[in-house]
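Q: What follows is each chain in one-letter form.
There are 2 protein chains.
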Amino acid sequence: MRVHVALTPDEVDQGDLHSRAVVVIDVFRAATTVTTALSHGCRMVIPVLTPDAARARARGFPSGQVLLAGERGGEPIAGFDLGNSPLEYSADRVAGKVIILTTSNGTRALLTASRAAVTAVAALVNVKAISHWVRDQCRDLTLVCAGESGGVSLEDTVCAGLIVETLATGGTPLELSDEATIARSVARDYRDRLADLSRDSKWARHLARAGREKDLAVCLSLDAWPLVPLFRNGGLTAA
Amino acid sequence: MRVHVALTPDEVDQGDLHSRAVVVIDVFRAATTVTTALSHGCRMVIPVLTPDAARARARGFPSGQVLLAGERGGEPIAGFDLGNSPLEYSADRVAGKVIILTTSNGTRALLTASRAAVTAVAALVNVKAISHWVRDQCRDLTLVCAGESGGVSLEDTVCAGLIVETLATGGTPLELSDEATIARSVARDYRDRLADLSRDSKWARHLARAGREKDLAVCLSLDAWPLVPLFRNGGLTAA
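Protein sequences appear in the order of chains A and U.
Numbering of the first sequence is given in our numbering, commencing with residue 1 and proceeding in unit increments.
Numbering of the second sequence is given in our numbering, commencing with residue 1001 and proceeding in unit increments.
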């Protein structure tokens, strides 16, 4: 299996996607939030680019069945039902509901990757489940890091590397791009000290300064959820 | 000291450069070649973007004092005096000469960084010398990886990380960008097995297939040269 890691969404080779499995990674916090929501019984998460697009999309659903969710700059959006903290996505709030989600980096990365043969969403909370899913696809793999404001993010790179390392130690023969090798090295350095990402990642420091330490702890819970969010027909549902 | 690693030249923030020290890294092979040439008594290396620009620039020098050098796709350029193999740059060929150099990735990266307050060139052969030079600059630092065809290269990232690691273990207080932290992790994984870069780097595999294994070995000789090539007045000279 050939494995490439796009360290930012801009590095995705669109022409290459149609035959590949793609996994979009956004550890802090969109992918963790999506995985938590679906684990708590949410029917579907629909990613959209802007708050206005979210409001327009919500009008297509009966009232009471849909929730508006997301953030800009890490903060909740005025008039929306939910922010981007996975702690808000409890079963009593999201079970049976459709969630329209717009975030600064994660939803953009997801929509960038939507031309792929199959697309899933990963964070640290579902590394093992994603790795099993990837192995079963029998396709070349592109891991797309959502990154931060167009730049590279440490935590997404670590997550990508942990997926590569899990595939390698599981015996899948891999042919790695330089970027995939880099991600694997970073994962090896951080796998036994994931909590240090709260200190070493620029975006984590921003979230901590905004009082989101509890979110960071939840996002760093390796393999908390055995669930793969799959992108199909414009929305994310449990595989 | 704030330290950022631009994993490719496209990631350089030009507006940010005027106050910073910049180190351009191209392990396979331009930076190794430049460091070797200056160590062997070459007077100056002048980087230019194209073979035509090299020929035009050479006309400004008295015959016998200047050499045309470089590569495209790893291969020598027709009619040029030297390719891009550091093994060609022996003292009997380059001592006292001016070299006009054009390479696919390295010279482009160097000219991208030419707006910096001070600009040096690094490869694995001069990591320690570069680290001492950087410490003495007392400026924030940007390490620019030349990369490969616009993409990220493993060996340049390792070299950037070794410079970060050398500064950190030397006691310089550092504030790292996510990319600098990533490079440091990759360097930690590879520092005791640099020879593996011949196998794990895409560009190294290309060079090996083209019969350049001896070049790779030379490029992987950590700290072979205690020399810092500095970019001043359009050319590179020993600091």
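A couple of the hints might just be wrong.
Unchecked claim - Distance condition first, Cα-Cα at most 25 Å in a straight line; then the derived SDA-like pairs of lysine to any residue:
id, chain 1, residue 1, chain 2, residue 2
1, U, K1214, A, S177
2, U, K1202, A, K202
3, U, K1214, U, R1232
4, A, K202, U, A1091
5, U, K1214, U, S1114
6, A, K202, A, V218
7, U, K1202, A, S19
8, A, K214, U, S1177
9, A, K214, A, G234
10, U, K1202, U, E1175
11, A, K202, U, A1224
In short, the hints are calculated from the structure, not lab data.
Q: Do the alpha carbons of A/K202 and U/A1091 lie within 25 Å of each other, as the hint requires?
A: 47 Å, violated
Q: Has the given pair, A/K214 with A/G234, been kept, meaning a C-alpha gap of at most 25 Å?
A: 31 Å, violated
Q: Checking one constraint from the list: CA of A/K202 to CA of U/A1224, max 25 Å. Satisfied?
A: 35 Å, violated
Q: For A/K202 and A/V218, compute the direct alpha-carbon distance and say whether it is at most 25 Å.
A: 17 Å, holds
Q: With the threshold set at 25 Å, check whether the alpha-carbon distance from U/K1214 to A/S177 stays at or below it.
A: Holds - the C-alpha atoms of A/S177 and U/K1214 are around 23 Å apart, at most 25 Å.
Q: Straight-line Cα separation of U/K1202 and A/K202 no greater than 25 Å?
A: 30 Å, violated
Q: For U/K1202 and A/S19, compute the direct alpha-carbon distance and say whether it is at most 25 Å.
A: 22 Å, holds
Q: Does U/K1202 pair with U/E1175 here, judged by a C-alpha cut-off of 25 Å?
A: 30 Å, violated
Q: Given the hinted pair U/K1214 and U/S1114, is their alpha-carbon gap at most 25 Å?
A: 31 Å, violated
Q: Hint check: U/K1214 vs U/R1232, CA-CA at most 25 Å. Holds or violated?
A: Answer violated: U/K1214 to U/R1232 is near 31 Å, above 25 Å.
Q: Does the structure keep A/K214 and U/S1177 at a Cα separation of 25 Å or less?
A: 23 Å, holds
Of the numbered hints listed earlier, those contradicted by the structure are 2, 3, 4, 5, 9, 10 and 11.
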